[in-house]
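Build out the structure end to end from the sequences listed, making use of the hints.
Going down the list, the protein sequences come from chains Z and E.
Here my numbering is used: the first residue of the first sequence is 128, the next is one more, and so on.
Here my numbering is used: the first residue of the second sequence is 12, the next is one more, and so on.
Derived by calculation from the structure, the hints in this document are not laboratory data.
Just so you know, these numbers come straight off a predicted model, no measurement behind them.
Each residue gets a CB set at the ideal place from its N, CA and C atoms; glycine is no exception.
A few of these clues could be false.
As the list claims (entries may be wrong) - In silico lysine to aspartate or glutamate, DMTMM-like type, Cα no more than 20 Å apart, as pairs:
hint : chain 1 : residue 1 : chain 2 : residue 2
1    : E       : K12       : Z       : E171
2    : E       : K113      : E       : D50
3    : E       : K53       : Z       : E195
4    : Z       : K184      : E       : E14
5    : E       : K113      : Z       : D134
6    : Z       : K184      : Z       : E195
7    : Z       : K138      : Z       : E205
8    : E       : K53       : Z       : E155
To be verified - Listed next, the stretches of chain E that the computed footprint assigns to chain Z, with coverage defined by at least 3 CB atoms under 8 Å from CB atoms of chain Z:
hint : stretch
9    : 41-48
10   : 54-65
11   : 71-79
Claimed, not checked - Residues from chain Z that keep clear of chain E, each with C-beta distances beyond 10 Å, as calculated:
hint : residue
12   : Q133
13   : E179
14   : F201
15   : R208
16   : S232
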Amino acid sequence: DTGVSQDPRHKITKRGQNVTFRCDPISEHNRLYWYRQTLGQGPEFLTYFQNEAQLEKSRLLSDRFSAERPKGSFSTLEIQRTEQGDSAMYLCASSSPRRGYTFGSGTRLTVV
Amino acid sequence: KQEVTQIPAALSVPEGENLVLNCSFTDSAIYNLQWFRQDPGKGLTSLLLIQSSQREQTSGRLNASLDKSSGRSTLYIAASQPGDSATYLCAVVGNTPLVFGKGTRLSVIA
Numbered sequence: 128d129t130g131v132s133q134d135p136r137h138k139i140t141k142r143g144q145n146v147t148f149r150c151d152p153i154s155e156h157n158r159l160y161w162y163r164q165t166l167g168q169g170p171e172f173l174t175y176f177q178n179e180a181q182l183e184k185s186r187l188l189s190d191r192f193s194a195e196r197p198k199g200s201f202s203t204l205e206i207q208r209t210e211q212g213d214s215a216m217y218l219c220a221s222s223s224p225r226r227g228y229t230f231g232s233g234t235r236l237t238v239v
Numbered sequence: 012k013q014e015v016t017q018i019p020a021a022l023s024v025p026e027g028e029n030l031v032l033n034c035s036f037t038d039s040a041i042y043n044l045q046w047f048r049q050d051p052g053k054g055l056t057s058l059l060l061i062q063s064s065q066r067e068q069t070s071g072r073l074n075a076s077l078d079k080s081s082g083r084s085t086l087y088i089a090a091s092q093p094g095d096s097a098t099y100l101c102a103v104v105g106n107t108p109l110v111f112g113k114g115t116r117l118s119v120i121a
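Structure below.
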């Protein structure tokens with residue numbers, strides 16, 4: 128059990144550029160989640176997968192955001208045409224009934 | 012829609028004190044409740060998971076209770092230490108994925 132891994136840890140990008148983040152969940156967990164957290168707030172749900180199927184998307188996930196989980200393993204979150212309001216910590220988690228949710232260290236995105 | 016509230020928003024205590032953090036949720040139809048710790052700029056570390064059928068869980072100096080019918084949970088920290096300084100987040104799972112409160116920012120002063 129190596130925990131949930133996220134890459135990169137930090138990303139600085141210019142407004143209008145596209146960015147992609149990766150998440151590797153705990154291998155035996157079939158559910159994977161993406162959350163976004165801004166300063167002083169709790170994490171907010173974006174989307175989740177059960178295996179390769181994307182089962183739910185939040186209203187926070189605008190058309191510029193897309194997430195995939197090919198083959199039910201790792202997941203990617205892409206943000207197109209980034210805006211300054213996209214600056215946040217993007218957190219990935221996987222879950223099991225016995226252990227609950229396990230989060231990665233997050234990717235901090237800064238849009239300048 | 013599930014809403015989670017944490018009180019207080021911030022707390023500062025001297026080292027050695029026992030303290031209680033409060034969490035309330037609006038929809039009592041939950042599967043479980045989880046407490047997390049978050050250090051500045053870092054990810055979330057799970058502290059305790061309470062299943063809906065349980066009333067409390069303990070880990071070291073931490074004890075979390077759950078009263079599902081009243082929509083409340085408390086996190087008790089005994090003999091606080093400066094290393095306990097962090098933000099503590101409460102979150103619940105029901106018919107939706109994990110819903111978080113805004114957290115309680117704890118400072119333990121040596």
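Right, here's what the structure says about each hint:
| no. | hint | in the structure |
| --- | --- | --- |
| 1 | E:K12 x Z:E171 | holds, 13 Å |
| 2 | E:K113 x E:D50 | holds, 14 Å |
| 3 | E:K53 x Z:E195 | violated, 24 Å |
| 4 | Z:K184 x E:E14 | holds, 18 Å |
| 5 | E:K113 x Z:D134 | violated, 25 Å |
| 6 | Z:K184 x Z:E195 | holds, 12 Å |
| 7 | Z:K138 x Z:E205 | holds, 13 Å |
| 8 | E:K53 x Z:E155 | violated, 24 Å |
| 9 | 41-48 | holds (count 3) |
| 10 | 54-65 | holds (count 5) |
| 11 | 71-79 | violated (count 0) |
| 12 | Q133 | violated, 8 Å |
| 13 | E179 | holds, 17 Å |
| 14 | F201 | holds, 17 Å |
| 15 | R208 | holds, 26 Å |
| 16 | S232 | violated, 4 Å |
In this structure, the hints that do not hold are numbers 3, 5, 8, 11, 12, 16, in rising order.
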